[in-house]
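Visitor: Work the whole structure out from these sequences, hints included.
Protein chains in written order, with the numbering used here: chain S, 1 to 222; chain E, 1001 to 1222.
Since the hints were derived computationally from the structure, they do not count as laboratory data. Given the structure is predicted, the values throughout are model-derived calculations rather than measurements. Take these hints with a grain of salt, some might be off.
Straight-line distance between alpha carbons at most 30 Å, and here's what the computed DSSO-like set of lysine-lysine pairs gives [to be verified]:
{"id": "1", "chain 1": "S", "residue 1": "K37", "chain 2": "E", "residue 2": "K1052"}
{"id": "2", "chain 1": "E", "residue 1": "K1052", "chain 2": "S", "residue 2": "K52"}
{"id": "3", "chain 1": "E", "residue 1": "K1037", "chain 2": "E", "residue 2": "K1052"}
{"id": "4", "chain 1": "S", "residue 1": "K37", "chain 2": "E", "residue 2": "K1037"}
{"id": "5", "chain 1": "S", "residue 1": "K37", "chain 2": "S", "residue 2": "K52"}
Negatives, chain E to chain S, calculated, CB over 12 Å [unchecked claim]:
{"id": "6", "residue": "T1009"}
{"id": "7", "residue": "S1010"}
{"id": "8", "residue": "D1015"}
{"id": "9", "residue": "D1024"}
{"id": "10", "residue": "V1040"}
{"id": "11", "residue": "Y1047"}
{"id": "12", "residue": "R1063"}
{"id": "13", "residue": "G1065"}
{"id": "14", "residue": "F1162"}
{"id": "15", "residue": "P1198"}
The C-beta atom is built at its ideal place from N, Cα and C for all residues, glycine as well.
Protein chains: 2
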Amino acid sequence: MSERATLQTSELILDAAEAIFAADGDTNASLRAITAKAGVNIAAVNYHFGSKDALIRAVLERRMGMLNQERLRLLDALEAADEPPRPSQIVDAYFGTLVRFASSRDPHARAFTVLIERIVTDPSEFTRAIVAEQFAHVLERYREAFYRAMPQVPRAEVTWRFQFMLGATSYALLGTRHLGPLFGVEEPQQRALDLLLPRLMSFLLGGLRAPLPESDQQDRPT
Amino acid sequence: MSERATLQTSELILDAAEAIFAADGDTNASLRAITAKAGVNIAAVNYHFGSKDALIRAVLERRMGMLNQERLRLLDALEAADEPPRPSQIVDAYFGTLVRFASSRDPHARAFTVLIERIVTDPSEFTRAIVAEQFAHVLERYREAFYRAMPQVPRAEVTWRFQFMLGATSYALLGTRHLGPLFGVEEPQQRALDLLLPRLMSFLLGGLRAPLPESDQQDRPT
DNA sequence: ACTCGATTCAAACATTCATTTGAATCGGGC
DNA sequence: GCCCGATTCAAATGAATGTTTGAATCGAGT
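Guide: Structure follows, in structure tokens:
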């Protein structure tokens, strides 16, 4: 079974790596732990992927494509409509997609959400570069969609608020398992995720539509 | 110089560790790199601190105390006033303190800000436990201050919004060096930090005061 | 001038890691 | 039924890590 087996072990490794990277971090996770969880030999990683770095890249690229695809699909639909999309619709297309991904019944998808959120704040130049490279064009399209939907707000202001929204969403997702104890919040996991989206949406839109800070005339129009 | 020298090398190590932990992450940073930067012998770490873990704890505790002190001082002042503190004042006392810390001219303080923000999302149980243990009582006091300042908002809602604000602030601080390239934002570092606080404040208050999500009657009053 | 505890230092130790190696094993194509 | 490329495996390799060791060095107290 030369071909079936290859796919089998490759995906066994990818699944195990996804889970262990999410739990322990990418540099902290050892190939021995990953291959043990996958039930394959250590050398299989280098045979199928070439190196640990290549494995990390493969794990990330496998799922980021899904996120990108869904986000672009929703944005295309919004922009194809008669009326120009409203900010709340863009926010839902971008952040709602991620939260729904995190709320998925698929434990692999849930693990990946934690992984991707962590990597954005990671110190490793290598992993952040992968994420940036994969997300760049989607972020660009959404940023421009926000610009068009909020023409009265200076672009620098919109960019910052986009970034703030990313942070709030990141903590919302990481929080249910990492920050929760810090707050004493103890809602059941799945229920917390179900309630999360409307709560997060209210907050994001409130922040996005907040009055501009005083005396913030940009002095350097781009 | 038995006593002077001890303080000297201890603090040389702490300063170097702070910088390298912030740059590379705590598990990723090696004692050899730290002691090389500090200009001391490798064994000095174990002699003065006992272990790498103890060094990490020492680095964190040294500065978290400052943050806690300032945050409690400001909150005490607010609560000692005639009128009860308004949400915007509490937000400024908590998040403004952090941003001002990050905008400090002291490069050590700036490095520490990045370090602490990273650790909150770290996979390592060990470091997160230290941060949680150090911050717990301050978070608790601020959370209750928000409860009192916003009696009409359900407590669970306030807690979540507090957490969203933490995330937005975290990305605001990490962002100027990590996420910036991802957006193509290229403002000079210091100027970006000066403009950051008013921008962040508008966003946080907008989110905090946003209308409640529909159909969010809590069904389980605590 | 000397002694003694505190501190520094170079070297070694034990462990863990990613990666490589070369033989063993598998299974479809002739 | 046999062969050969693809795949798996146990074992070894070499580099990097935190920690320990024991001798060398320092400097205040007498």
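Visitor: It remains to establish, for every hint, whether it holds in the given structure.
Guide: Now the hints, each set against the structure:
1. K37(S) - K1052(E): OK: K37(S) and K1052(E) at ~29 Å, within 30 Å.
2. K1052(E) - K52(S): Holds. K1052(E) to K52(S) sits at ~26 Å (cutoff 30 Å).
3. K1037(E) - K1052(E): Holds: K1037(E) and K1052(E) sit about 16 Å apart, inside 30 Å.
4. K37(S) - K1037(E): 38 Å, violated
5. K37(S) - K52(S): 16 Å, holds
6. T1009: 26 Å, holds
7. S1010: Correct as stated: the minimum Cβ-Cβ distance to chain S is 25 Å, above 12 Å.
8. D1015: 18 Å, holds
9. D1024: D1024(E) is in fact no farther than 12 Å from some Cβ atom of chain S, at 5 Å.
10. V1040: 23 Å, holds
11. Y1047: Label holds. Min Cβ-Cβ 27 Å, cutoff 12 Å.
12. R1063: 18 Å, holds
13. G1065: At roughly 18 Å from the nearest Cβ of chain S, G1065(E) sits farther out than 12 Å, so the non-interface label holds.
14. F1162: Since the minimum Cβ distance to chain S is about 8 Å, F1162(E) lies within 12 Å and the statement is violated.
15. P1198: 4 Å, violated
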